[in-house]
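Engineer: Protein chains in written order, with the UniProt record's numbering: chain V, 1 to 499; chain S, 1 to 106.
Some clues are possibly wrong.
[Claimed, not checked] When the alpha-carbon atoms are kept at most 20 Å apart in a straight line, the in silico EDC-like pairs for lysine to aspartate or glutamate are as follows:
| # | chain 1 | residue 1 | chain 2 | residue 2 |
| --- | --- | --- | --- | --- |
| 1 | V | 31 | S | 100 |
| 2 | S | 86 | V | 142 |
| 3 | V | 448 | V | 433 |
| 4 | V | 37 | S | 105 |
| 5 | S | 44 | S | 100 |
Everything labelled a hint here was simulated from the structure, so no lab data went into it.
Letter by letter, the chains look like this.
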Amino acid sequence: MEYGFVAAFCLFIFVLMACSHSVPLKPHRKKKPFIEKKKAVSFHLVHRSQRDPLAADETAPQRVLLPTQKVNDEERRAEQRKYGVFFDDDYDYLQHLKEPSGPSELIPTSTISAPNRRDEKEETLVISTTGIKLPSSVFASEFEEDVGLLNKAAPVSGPRLDFDPDIIAALDDDFDFDNPDNLLEDDFILQANKPTEEEGTDIQKSEAEDDSEWEDMDDEKERGSDDDNYGSVDSSDEAMSVPGKSPGAIENHLFWEEETKSRFTEYSITSSVMRRNEQLTLHDERFEKFYEQYDDDEIGALDNAELEGSIQVDSSRLEEVLNDYYKEKAENCVKLNTLEPLEDQDLLMNEPEGSEEEEIVTIVLEEAKEKWDCESICSTYSNLYNHPQLIKYQPKPKQIQISSKTGIPLNVLPKKGLTAKQVERMQMINGSDLPKVSTQPRSKNESKEDKKARKQAIKEERKERRMEKKANKLAFKLEKRRQEKEQLNLKKNVEGLKL
Amino acid sequence: MDTHGTRGGIHQIRITLTSCNVKSLEKVCADLIRVAKEKNLKMKGPMQMPTKTLRIATRKTPYWDRFQMRIHKRLIDLHNPSEIVKQITSISIEPVVEAEVTIADP
Numbered sequence: 001m002e003y004g005f006v007a008a009f010c011l012f013i014f015v016l017m018a019c020s021h022s023v024p025l026k027p028h029r030k031k032k033p034f035i036e037k038k039k040a041v042s043f044h045l046v047h048r049s050q051r052d053p054l055a056a057d058e059t060a061p062q063r064v065l066l067p068t069q070k071v072n073d074e075e076r077r078a079e080q081r082k083y084g085v086f087f088d089d090d091y092d093y094l095q096h097l098k099e100p101s102g103p104s105e106l107i108p109t110s111t112i113s114a115p116n117r118r119d120e121k122e123e124t125l126v127i128s129t130t131g132i133k134l135p136s137s138v139f140a141s142e143f144e145e146d147v148g149l150l151n152k153a154a155p156v157s158g159p160r161l162d163f164d165p166d167i168i169a170a171l172d173d174d175f176d177f178d179n180p181d182n183l184l185e186d187d188f189i190l191q192a193n194k195p196t197e198e199e200g201t202d203i204q205k206s207e208a209e210d211d212s213e214w215e216d217m218d219d220e221k222e223r224g225s226d227d228d229n230y231g232s233v234d235s236s237d238e239a240m241s242v243p244g245k246s247p248g249a250i251e252n253h254l255f256w257e258e259e260t261k262s263r264f265t266e267y268s269i270t271s272s273v274m275r276r277n278e279q280l281t282l283h284d285e286r287f288e289k290f291y292e293q294y295d296d297d298e299i300g301a302l303d304n305a306e307l308e309g310s311i312q313v314d315s316s317r318l319e320e321v322l323n324d325y326y327k328e329k330a331e332n333c334v335k336l337n338t339l340e341p342l343e344d345q346d347l348l349m350n351e352p353e354g355s356e357e358e359e360i361v362t363i364v365l366e367e368a369k370e371k372w373d374c375e376s377i378c379s380t381y382s383n384l385y386n387h388p389q390l391i392k393y394q395p396k397p398k399q400i401q402i403s404s405k406t407g408i409p410l411n412v413l414p415k416k417g418l419t420a421k422q423v424e425r426m427q428m429i430n431g432s433d434l435p436k437v438s439t440q441p442r443s444k445n446e447s448k449e450d451k452k453a454r455k456q457a458i459k460e461e462r463k464e465r466r467m468e469k470k471a472n473k474l475a476f477k478l479e480k481r482r483q484e485k486e487q488l489n490l491k492k493n494v495e496g497l498k499l
Numbered sequence: 001m002d003t004h005g006t007r008g009g010i011h012q013i014r015i016t017l018t019s020c021n022v023k024s025l026e027k028v029c030a031d032l033i034r035v036a037k038e039k040n041l042k043m044k045g046p047m048q049m050p051t052k053t054l055r056i057a058t059r060k061t062p063y064w065d066r067f068q069m070r071i072h073k074r075l076i077d078l079h080n081p082s083e084i085v086k087q088i089t090s091i092s093i094e095p096v097v098e099a100e101v102t103i104a105d106p
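Looking at chain V on its own, in the form it has when it is part of the complex (with noise of 0.2 Å):
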């Protein structure tokens, strides 16, 4: 009981609780929301990019606010349909869709915004329209490096073509390390901080030699400190030697002086950067030689020689063309009338008084004909092909077979005569060549009685017939039994007794 008035009383409570809220909640009016969304602007908070130069900075905030873009579908289709994208899912091509970057700007490599910054009150970024009013830290930096912060840290890759040529050469894998003028020296230090002497015709000469002296360690060295060493170290031959190449630089071409190009490459810096090392370049000089060879343009066929252009008609060379061309009609003419001299001389019988010149008669030549028949044309075929033989009959000779009970080749021995007992049974007459109902012709005239006789007297001789045939099996049968049986007691009982 107690505890059901408890209960009540804090049910009441509740409720009285409840309905004291501060806002009242009457239906027909909606709550105040938060944020209107149609009035905010929204932003994401994202890391700060590693292009932006205050990504360095650290008084500056490292997250960044970027706005979000609240495109709608349907505009962001239509906005990607004018690029080519015909997809209509939910997904947002644009973002892959970005216009290349624009000439770059070159910018003095002293850093200016961060210190500046610091000193100035910060300035404030209005958004239009809803003006608000946040500091512009907060913010991406409107202008971005080309190069982000880790990517300048990066190791570079590729050829450094902004190294000195020495270090270049020195580098490369053809660099020869136990050429006296490729080394070192010893106190190479003291001598690079050496100051400086002129001499004039040195510094032509190490300019000329320095792809292969290694004298100059330091970029920033100047070439007068180059002189220097050169001057002290090497022999005073070469120094006083011709204003030209000395014999060391022979060998080694002057570095601008080198033709670059050859058969194969232009002047292209790729084919300079490709990996060359001895055997390569030996490759390489190699097919340039042989390639040589074919120069020469005046190698090939002149038979098509083709030249083209005008002539005057009245020229020489024209005139001379013609006159050839008649030249070779009247030899042609000429030949035919060597071929047949016996009817020109007719011809000349004829007309004694014939003019000087002769006369161009056509004679039409007859091939003398081949006359052949049979025999003629079958001797020339040749007998690599034909073979011809008489045409023999070889049978087949028989294979011998063997009786099986006597083991004598069959048909081999003359057969034999009929033996005496046969002779004498041949002449005895047998029951069996009596005349048989069975084999009488039937005559035409034949009654009832008399056919019935017939009839049974051929089923009688039948019966007979069975009878002995039945008769006959059984003997063979009897006889073959007891053969087979003495053959078996032979086997069992005899074999390998010795007597």
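Assemble the complex: chain V is given as a structure, and chain S must be docked to it using the hints.
Structural biologist: Chain S alone, transformed into the frame defined by chain V:
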């Protein structure tokens, strides 16, 4: 542009934190709340939106492979957050958590 800018003009900020990972999300929330409380700002604490579960069932004979992804969302509302805007950007948020900031000016 105003160099001596009145920092006023911002009245309400709603920060939406989304993540698949509850622990990181809670950690970030706690950070934000702590910062806001230090400045004694009026703040409505993390409001939990119902978690959305995305389910995909792929056939992998003889059974079905069921995959799930749960998206948790928290909202934090701030009134008069004039100074805190910069602070928000400098706190370290874990990479798993996605934050969106909506600013309104009534």
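Engineer: Please go over all the hints and tell whether each is borne out by the structure.
Structural biologist: Against the structure, the hints:
no., hint, verdict
1, V:31 / S:100, "violated (24 Å)"
2, S:86 / V:142, "holds (18 Å)"
3, V:448 / V:433, "violated (29 Å)"
4, V:37 / S:105, "holds (11 Å)"
5, S:44 / S:100, "holds (16 Å)"
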